[in-house]
Structure formats: structure tokens, C-alpha cells
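Visitor: Keeping the supplied structure of chain A fixed, place chain B upon it in accordance with the hints.
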Amino acid sequence: MANVPASGEAILQVRNLVKDFGGVRAVDHCSLEVGAGAITGLIGPNGAGKTTLFNLVSGALPPTAGRIVFDGRRIDGMGLHQTFGRGLVRTFQIPREMKRMTVLENLMLPPGGQLGERLWASWFLPWQIKRQERRIETAALEVLEFVRLAHLADEYAGNLSGGQKKLLELARTLMAEPKMVLLDEPAAGVNRTLLRDLSDSILAASVERGITFIIIEHDMQFVMRMCDPVIVMANGAVIAEGTPAQVQQNPEVLEAYLGGTVQGGAVNGGAVQGGAAVGAA
Amino acid sequence: MDVIGIFNYGVGFVIMAGIYAIFALGLNIHWGFTGLFNIGIAGFFALGAYTAALLTTQPPDPAQFEDFRFGGNWSEIGYLDLGFDLWFFLGIAAAAVVCGVIALVIGYVTLRLRDDYLAIATLGIAETVRLFFLNEKWVANGSKGLYRIPEFLGHVVSPENYDYLYLAVVLAALGVVFLAAQRAVQSPWGRVLRGIREDETAAAASGKDVFRFKLQAFILGAVIMGIGGALFAHHIRFLSPLTFDPLLATFVIWAMLMVGGSGNNRGAVLGAFVVWGIWTGTQFLPGFFADPNLRFFMIGVLIVAAILLRPGGILGETRRIARGADRE
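Listed in order, the protein sequences are those of chains A and B. Residues 1 to 281 in my numbering are what the first sequence lists, from first letter to last. Residues 1 to 328 in my numbering are what the second sequence lists, from first letter to last.
Next comes chain A alone, as it looks inside the complex:
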């Protein structure tokens, strides 16, 4: 499939990252590198620490220890809006749209450097703001066209379906003109038709805009089709890394999925079967 080859140069480096929640170590000396321009898959059983890793990298949570280097600069200890300013944008597993704002407004929020976000400018420079607003609105409508939500521009974001909200999350990241996007389960709860739109949008963003993606996903078909390389996490650390085919045949990965905790094994056995089905197909 249309996998974008990694350029080899690492845009994100995570070194010995640790995150403790009370007595629970969610991320345990996790280290990984992500190549610029790649669509990297991040998989692993429930509780492996994938979303926590996203939270640490994006700055939603401060790490207990370790370092994160993005685009040549250390970003551990930064907040969400600061990593955003560096070009690192994320989505949420459960979409966090602004419900009582229109789809268009949701997308007009992210662009940086808006003059109208200064209070004094809102009073004294209304015409300059209006011009800038027109530009941002045009860009937002283009992005909506791109993710095929243009017909819903003036709808309240809270009224969208679950799958449409996932597309809106992706659209929001594109409005930021990011260098790297972290997608947390973009395919969960999205029906087949929308899923095709979603994967097309991601691939197009990767190819046309050169955006690096890391995608957490339990839908193995989606991962195997979209991602190369694939990184596997278990118990807070990386246990395997490679092409989709390599990862699928890695005994440690099978062990992590099937032989983990009873709860984890039961849920994720299905996921590996999905992956096996792709391999057979």
C-alpha cells in the first residue's frame, strides 16, 4: 500500500521516559525514535502505556523522568499549548470537540499568531482582524473539503456523529500546519465508508503536506495498511519495532497480546486475529 518511506532522520526521540501514577508505573523507561515523514503505528495491549506516552510527548502530562526531543529541541516539561507551538499536535481517543461551537469555529481556533486573539486588537483593529479571519475561514473551509465535512461547516460540533468527530479531530490538527501529528485511535467507532475517507485523508496529509504521523490503533487492518514502521508497546516499554510483517511474526508480540493479563489477552486476542487475517489475505 501507499506507505511513505521514512526519511531516516528522527524527528522525535524519546529516551528512558518514565511516568508513575501513584504506585503504578504506566510508562517504564520507554525509548523510541520516529523518522520524519513516516506514518508510524503504535500498538500494544490495553494498559501498555500508549496513550500515556502520547500524553507525555504532547505535554498533557509531565513525565516522572526521561527526556523527549522533538525537532532538535527538548520538549519534556512543556505544556500542551507549547508543544503545539513547536508543531506537535495531537488528537484524543475520545474526541474533544467544542460542542457549542460550529464545526467551522472549531477549525478557526487552532491557527497560531492570530491578531484578533489580543484583546486590545479586538477593540481597535477590527478591520485587520476581519481580513485575517477571512483568510483563516478560507483555509478552514479547504480543510473541511479535504476531510469531506464541508457540508457540516455551520453545524454545532456537538451534533456530529462519532465518526465525523474523529474526522473533525484530524481536521483540527491539519489547521495547525503541524510537523507531527499524534492520532489516538482515529479509526475506533468509525464506519467503513468514513474509515476510507479517514485513511485517505491521513495518507494525503502525509504525502502532500509532509506531516509525520504516529497512530495508536487497535484496528489491525488499519494499522497494517497505513503504518510502516510499527512500534509495539507492552507494560510501559517498547518490545518490538519493524515493518508490519516483521512485527506480526515477532514471538514477543504474540506473547504480549495472548499471554498478558487475563483481561488484556481476552480483549486483544481479537486484534491479533484481525492482523493475521490481513496477513493471510
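It should be emphasised that the hints constitute simulated quantities derived from the structure, not laboratory data. Among the clues, some could well be false.
The calculated lysine to any residue pairs, modelled on SDA-like cross-linking and capped at a C-alpha distance of 25 Å, are [what the hints assert, rightly or not]:
#1 A:Lys179 - A:Gln13
#2 B:Lys144 - B:Met16
#3 A:Lys130 - B:Arg266
#4 A:Lys99 - A:Glu185
#5 A:Lys99 - B:Gly316
#6 A:Lys179 - A:Leu141
#7 A:Lys99 - B:Arg212
#8 A:Lys179 - A:Glu241
#9 B:Lys144 - B:Ala94
#10 A:Lys99 - B:Arg112
#11 A:Lys99 - B:Ile307
#12 A:Lys99 - B:Asp199
#13 A:Lys179 - A:Arg148
#14 A:Lys99 - B:Pro311
#15 A:Lys99 - B:Leu308
#16 A:Lys99 - B:Leu309
#17 B:Lys144 - B:Thr128
#18 A:Lys99 - A:Ala153
#19 A:Lys179 - A:Arg67
#20 A:Lys99 - B:Gln182
#21 A:Lys99 - B:Phe211
#22 A:Lys99 - B:Ala119
Guide: Same frame as chain A, now just chain B:
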């Protein structure tokens, strides 16, 4: 009651409702657009009113054993040097600045924490301000209160016609505050505030420095409340700590915003007039219904009714449809 009496009553009513509308606009910035739960409006109300009063009130009469110090001296200098009631404007500006600075301090400490802490802090500051003016008699005469607060341009108009002039002043101030609030919330700045109200984490993930915007919104709302307090002081012309009990100075304003329409500036102004109309109108009801205690109850009923029947208020928040760019 004769026609002129009713008319004059109406003028007095619009002055008070107009002042309350300014408070409702301030609260709308806090709660309606940003989701900041300020239940200590009375604190900013009192700070604004006392600041303006202390800067403009004539020196106390030593023969009556009045021992408050600041007001007298400052206003004496003011009236000597400036004249022409410029101190009225300085008083309003000072009220705005004092409320802004206090909001900066409270906000800086609490706005990084969970929402509830702001509520606790604002409630606490309202009581602190009230008790400060009650117990520190040297500041503003304690429970005996500040009186003879001057009227703006009081020497220009005869006393029986003064309310007309002050009506114009209040409506002008309301107009300016309304336009400033309206521009602010309709700009991208207001969009960020609404984003924060909807989902703080998502706003941060959209690159917005949530703390900074919340602090700005908290200060702007407090500044507006300070202006309202100053206008109130020059209208009532007597201030005591009892004036600023939480019911009249905080919860009536909340009722105004809820009834009028949170997140809509027109709704905030309308709510102020409607609720103040009900509040003052009930005194004309016959017998038992005019009982002042019943009014407190009625305001409670009104809020509950508004929440049940029209959760968005009379004029709720409207969907904003941008029309700037060309659409195919």
C-alpha cells in the same frame, strides 16, 4: 400615583437596571463566555464603589467625630486642582484598576487550579472585602458608612431633575461597556474563551495558553464590575458594608444572567431589566405579596423556572455563522 411620579420612578428604575446590566455583562465575560464560576461579584462591586467614593467624597466633618482619613484628603486635593468633576472619571478609572489588580492576584493564584477553587476564592474575597470595610473604620467609616458621596455635575442641574442627567451617564457607560464586551467576544479572542469554556484541554491542544486567556477574561470582567460599582456609588451616594450583601450584590446578578441568556450580551442586559423589574415591581403587589422576604424566594423560583423552562435564557447563545469568506 400621578404620571410624573410614575415617570420619575421609571427613570430611577432604568438607572439601577442599567447599572445592574453592566454587572451582568461583566459576569457574562466570566461565566457566559469563559465558564469562570465567580460567586463573589459583591467583592468587586464593593471595591469599585468604595474606590470611587473614597476618591471623590468631600472631607469628613470633624465635629461629628468621623475618623476616616483617606477620602477627605484625596478628594480635597482633587477638587482644588481639577475641578469640573474630573474626579468622577478618575474615580471610575481607579475603581476599574483596583478591581483589575485584585482579579489579577486572585486569578494568578487560582486559575491554574481546578474550577472549584476560583469559586471558593471569589466567595472568600467578597466576604474579606466586606469585613475589611466593616472593621477598618479608618478607611471608610466602618458600619456608619460613607455618605455625601458627590453627584457628577451635581451643581449643573437642579436636584429634582438630577436623575435625568445621571440616567444619561449610566446609559452612556452601559453603551460603551456593551460595545467593548461585544467586540471582544465576537473577535478571535472571544472564540478562544468559548473554546476554553467548552473544553479546556482541547483549547490547550489547539495551541491556546488557557491560563493566560482565563486570566485576561477574569480581569476584564472584574474591571467591568468595578465600573458598575463606581456608578452605583454615585447614584446611591451612601455606602456601608451592609450594602454589599451577597444576595443583592451577587445572586441577583446571577439570576439576571441566567434569565436573560448566558453567553449572549443582549441577553445579559435584557435579563438585568427583567429581573430588576420583578424585584422592584413586587413591592407594589397587594398585602402579603409585597413582603420583602417573599422577593428573595421569588428570585430563587425565577432562577429555577428559567433553568427548567428556558435553559438558555430568554435570549440564549446563538450559533455563530461566519460569513467572511466566499463559499462556493
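Visitor: Hint by hint, note whether the structure agrees.
Guide: Consistency of the hints with the structure:
no., hint, result
1, A:Lys179 - A:Gln13, "holds, 14 Å"
2, B:Lys144 - B:Met16, "holds, 23 Å"
3, A:Lys130 - B:Arg266, "holds, 22 Å"
4, A:Lys99 - A:Glu185, "holds, 20 Å"
5, A:Lys99 - B:Gly316, "holds, 15 Å"
6, A:Lys179 - A:Leu141, "holds, 21 Å"
7, A:Lys99 - B:Arg212, "holds, 22 Å"
8, A:Lys179 - A:Glu241, "holds, 22 Å"
9, B:Lys144 - B:Ala94, "holds, 24 Å"
10, A:Lys99 - B:Arg112, "holds, 23 Å"
11, A:Lys99 - B:Ile307, "holds, 19 Å"
12, A:Lys99 - B:Asp199, "holds, 9 Å"
13, A:Lys179 - A:Arg148, "holds, 22 Å"
14, A:Lys99 - B:Pro311, "holds, 16 Å"
15, A:Lys99 - B:Leu308, "holds, 21 Å"
16, A:Lys99 - B:Leu309, "holds, 22 Å"
17, B:Lys144 - B:Thr128, "holds, 18 Å"
18, A:Lys99 - A:Ala153, "holds, 13 Å"
19, A:Lys179 - A:Arg67, "holds, 19 Å"
20, A:Lys99 - B:Gln182, "holds, 22 Å"
21, A:Lys99 - B:Phe211, "holds, 21 Å"
22, A:Lys99 - B:Ala119, "holds, 24 Å"
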